[in-house]
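A.B. asks: The residues making up each chain are set out below.
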Amino acid sequence: MNNAEIDSSGLGLFRPKEYFRPATIFEAVSLLAKYKAKSRIIAGGTDVLVMKPTECEYLIDITRLPLDYIETDKNGLRMGALTTFRSIESSEALENGGYKLLKEAAHKMGSTPIRNVATVGGNISNALPSTEICPALVAHDSKVKIVGLSREKVILLEEFFIGVRKTVLRSDELLTEIQAPKTPPFTGTSFIKIGRTAEDISMVNAAVRVTLGNDRVCKEVRIVLGGGVGPTLIRSKRAESLLEGERVGEDLIQKAAVEASEGCCPRSVSFRGSPLYKIEISKILVKRALKQALERAYTR
Amino acid sequence: MAGQFRVVGKSVPSIDATEKITGTAKFAGDIQLPGMLYAKILGCPYPHARIRNINTSEAIKVSGVHEILTYDNCPQKRLPRTEFRPILMLEDHLRFVGDKVAVALAETEEIAEEALRKVKVEFEILPPVFDAFEASKPEAPRLYDESANISDPPYWQGKPATFEWGDWEKAFRKADIVVEHTFKTPSTFHAALEPRAVTANWDGKELVVWASSQAMFLDRDLLVKTLDLPVEKVKVKSRYVGGGFGGKFEDVLPSIAGFLSMKTGRPVRLVYTMEEEFILGRRRPSQVTRAKLGAAKDGTFIAIDYESYFNVGAEGNNVAGSSWFDTQVEEYRFPNGRFVAYDVNTNLSTGASQRGVHFPPWHFAVEQLIDDVAEKAGIDPIRIRTMNVYRKGEKTIPIGAVIASPIAIEETVGKAVSASGFWGKWKGWRTPVRVNGSKRVGIGVAYVKGWTDYMAHDSSATVKIRPDGMCELLVGHQDVGTESSTTLTQIAAEELGISMEKIRLISGDTSLVPHDAGAAGSRTLFSCGRAVMNAARDGKKKLMHVVAYKMNCSERDVAFHLENGKVNAKGKELHISQIINEPIIGTHINNMEEFGELLEYQGHSSWSYVRGGAHFHIAEVEVDTETGEVRVLKYVAVHDVGKAINPAIVRNQIYGGVLQGLGYSLVEEVIWNQGGRCLNPNFTDYKIFSFEDAPEIETIIVESANDGDPYGAKGIGEMSLNPVAGAMANAVYNAIGVRMYEIPMTPERIMKALGKI
Amino acid sequence: MIRLSVNGRIQELTVKPHWTLLHVLRDKLGLTGTKLGCGTGECGTCTVLINGKAVHSCLMLAAQADGKEITTIEGLTTDGKLTALQKSIIEHHAFQCGFCTPGILMTAKALLDDNPNPTEEEIKSYLNGNLCRCGTYKYVIDAIKDLTKRSGGCK
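Protein sequences appear in the order of chains A, B and C. Letter 224 of the first sequence, counting from 1, is numbered 224 in our numbering, and no numbers are missing. Letter 536 of the second sequence, counting from 1, is numbered 536 in our numbering, and no numbers are missing. Letter 95 of the third sequence, counting from 1, is numbered 95 in our numbering, and no numbers are missing.
Read the hints as simulated data drawn from the structure, not as lab findings. Mixed in with the good hints there might be a few duds.
As the list claims (entries may be wrong) - Once the Cα atoms are required to be at most 20 angstroms apart in a straight line, the calculated EDC-like pairs of lysine to aspartate or glutamate come out as:
#1 B:439 to A:250
#2 B:427 to B:622
#3 A:237 to A:220
#4 B:542 to B:563
#5 C:28 to B:110
#6 B:425 to B:375
#7 C:124 to A:200
#8 A:182 to A:104
#9 C:124 to B:692
#10 B:61 to B:113
#11 A:103 to B:692
#12 C:124 to B:696
#13 C:53 to A:89
#14 B:297 to B:169
#15 A:103 to C:122
Using the sequences provided together with the hints, build the complete structure.
C.D. replies: Below, the structure written as structure tokens:
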């Protein structure tokens, strides 16, 4: 028999002291710099109000900032951090600009009411491994702009993530924009997600982009796995290198899929699927996504 | 049959339609009263512990706090309940993670939450046990001081419930075919969208409690006994309930709220969060079952042996788990057999009956054993069933009850087979319907002989025929989403010869209506419907007497046109107000004799007449053998309901039950960690079927009426869920050639079965 | 202090930072037609329209609703007249216990405002965030399809 005490006073509640609604990026970043780890940014609210972080004393609502836009031109894509998933999934600019992959991935997140308010910047900053849009953005070689009080930088999205809910973003920085280069011609993409039901957190997802060169040789490939395959999304450069420069057939697809799946490191315990299962499924999803991306590239 | 009735048999609109689709229907958590206080519950972090010391002195000082309730300042009454072991409102012996340690009552929910954080508790941690088999051993840690963990009658002797007949050991030895497997079925949440809520108001004279409950009279009786109040001073109201599915019975919440309201003289609201609903609410007991079926070489069943461990959690007893052996033996003809059930308490949340009770797991096992026998006998899955089921007039083995209902199996099977295209698809055992690359399509069936007479004797109704020409129907029965409000009103309207608009339904208030056992066991129309029917007839008879007396004529010369409020006596037409000044009151209280005798067999009782119908499902599935995903291509559910009082409502019950059954078969599973903490008490991690998940489900109604009874109506609520896991497992076997002995058949389990991982 | 329009009426109230819009609607404004189900944005029983878009009110801070137009189930009917959508749901018997119904109606209204002629796939996808445990999906879809067929796409 052993004894234990519980003193619940340590278990906090979600009781922020103050709520701010800055009108400019400078105001927002100043607040972050002032309150740092005691503050939380809120935009769509679909993460904050589920997590109800008890250490949050100051809520910074950034929805007034002018960061809701999707622009495509000859240089590529610029998307504001406050762009909602609904805007992304229904965007004609993305459809016509060669970014269908982003629309497909956005559609697979949550449900209509969630997508109406959830923002791409929030999704990226939360850095949950289950994110759908991030593998798709990485497949398009996306970068993110990060703004602090005295500096601004642009980094590759695939270098943004460190671990589960851990990013390079400091507590006084704000992610403001997502950028992607122009999609080359003869590009096909595919996004596949597996969950337990139609609306579910990704067990495994795969975002693939294939760009063909002359003679149907594979010029560029991006293979990105997400979901429960590891603490962050996984871009399989080794799998990609098997295909780049080659005319891709069934054999190579299978080899690349195996290579990609072997790069996964799922958690040992998860009720969403054992590591063995996730590795097997990664292989299948990459295979299917590659096939579909290639087909689409051929028809362009 | 069409045109025979005016109102019954028609899909008339729901009488609650306006309230439900305008959002004006008030559920228990919508009641707002001035001066209301709010209660919140502190849960235990350990799976098994005793409180050594609980210090609420800091908590009670928090501004806005009125009461902190603990085991030593709550009523010390341990009351018997049907499905659960008797416990105090709050105990010092805590039996699962989340079990109630204390309740705080404050001006707002937020203050109550803050107060609970200042409660200091010293626990003595006790060794827990989570597995039913382990918990059934005599040396296992005990959840109840007075007995071992096996909660089967004769209570607390530490023995399982058993039921044996014939000479099953000999029968198995002689059988040509014997198949045996071990099956595992999960716990599932009832997952009603409304988390349970209670609002209680003691005004010094009477206690009124609004509760989301399936049996308000049971709640009232518990309140009366717990709080020592006379019956007339306790009213329980439960008019609109956001789904129950078996999970909202006999909770201690109304007593907690009632007690706090009496203590403070203020109204009290207690609403669970959805997480609390999952953890502190109920769940279907999980089972591990070893089952064996023996047959002759022509496929005739000879013996069954079914031994199951039910994990009924902290408070469940055998009613939550296994008790229904008498109905199990009616499903197919088993000349010899044995049922053994261990309903075992463990340090997990409380198990309770969930739609179908233990029949969904029973069918998951039995329908597969039957297919296994059929395969070995070289018979198709339809024939093996039609040759082994009871039909009307037969006496069941071993109880000797007479099948009093027509069991329209030929018609039901015929329609199922036709709607599904079964014969065009079935290619034989171990041969899928078709193969497309990695995708394999299979088809499977399951049969259920339904029931309908659970607690049939405990229903009553009152019908009032008023002088102003309107009628009233008072029923103790509750509509938890079954839309019994509408169907029972239809029966009354039919009997009285009036339209629906002429009847006012009064229900959902124990102080206004006669007694009823509540919404359970697919009993609504058969039990309460007959009470309504007979009450209406009683009312008409009494009105007839009065008219004949007042008009000085024979009853033969009296006719009613109650739609217009008119009566016709000896050729003279009068308005009913010219005959009566007060309402005529027709009543009926069901009594046991209406249903036959009670036959006893080894401590289990059964009506001497068995009522049920034939229910047949055919599932067509596609299994992706690369991912393990199972997709339902088409699902056909055919149900003999005797008489569809309201076909649209029957259709809803079939569709809803199939959906829950599909969730049970494919995705739903409560998961705990090694320390007994539930890992998925929310809809993010416990998935139920959504709009996009729902496949094509064809619902077909067959009507082979019971004699008498309300127009021959038979139960449906649970029958649509019971066969699903069986049909799905058989379909998956047909697709991939490997049997699934565990549900849900998640992609991972399928892949393991295929040897891919 | 926030100022919002709820079903056409301006409401001014002081709110705490952590209060959700759902809490304000139900417990401060007495509009209990919108339900508290899961409270975590999965079940959809709390769905309201914010400037015409379907939103889970349990996942929105009351403070964030400042300056917005909120429509709840109570605001669907004017002068007690049911909308064509509500009538179609009744005709198709597309409800059982009624707890999920207000949420489904709000999302369905947003769907029809966005897309007056949705296909079955579009209906399922749009409404996928509204759960129903009693089982009404097929009949809600039929009610919406029937409505668009009859009225040629108007709501």
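A.B. asks: Indicate, hint by hint, whether the structure satisfies it.
C.D. replies: Hint-by-hint comparison with the structure:
{"no.": "1", "hint": "B:439 to A:250", "in the structure": "holds, 18 angstroms"}
{"no.": "2", "hint": "B:427 to B:622", "in the structure": "holds, 15 angstroms"}
{"no.": "3", "hint": "A:237 to A:220", "in the structure": "holds, 11 angstroms"}
{"no.": "4", "hint": "B:542 to B:563", "in the structure": "holds, 18 angstroms"}
{"no.": "5", "hint": "C:28 to B:110", "in the structure": "holds, 14 angstroms"}
{"no.": "6", "hint": "B:425 to B:375", "in the structure": "holds, 17 angstroms"}
{"no.": "7", "hint": "C:124 to A:200", "in the structure": "holds, 15 angstroms"}
{"no.": "8", "hint": "A:182 to A:104", "in the structure": "holds, 18 angstroms"}
{"no.": "9", "hint": "C:124 to B:692", "in the structure": "holds, 5 angstroms"}
{"no.": "10", "hint": "B:61 to B:113", "in the structure": "holds, 13 angstroms"}
{"no.": "11", "hint": "A:103 to B:692", "in the structure": "holds, 19 angstroms"}
{"no.": "12", "hint": "C:124 to B:696", "in the structure": "holds, 13 angstroms"}
{"no.": "13", "hint": "C:53 to A:89", "in the structure": "holds, 15 angstroms"}
{"no.": "14", "hint": "B:297 to B:169", "in the structure": "holds, 18 angstroms"}
{"no.": "15", "hint": "A:103 to C:122", "in the structure": "holds, 15 angstroms"}
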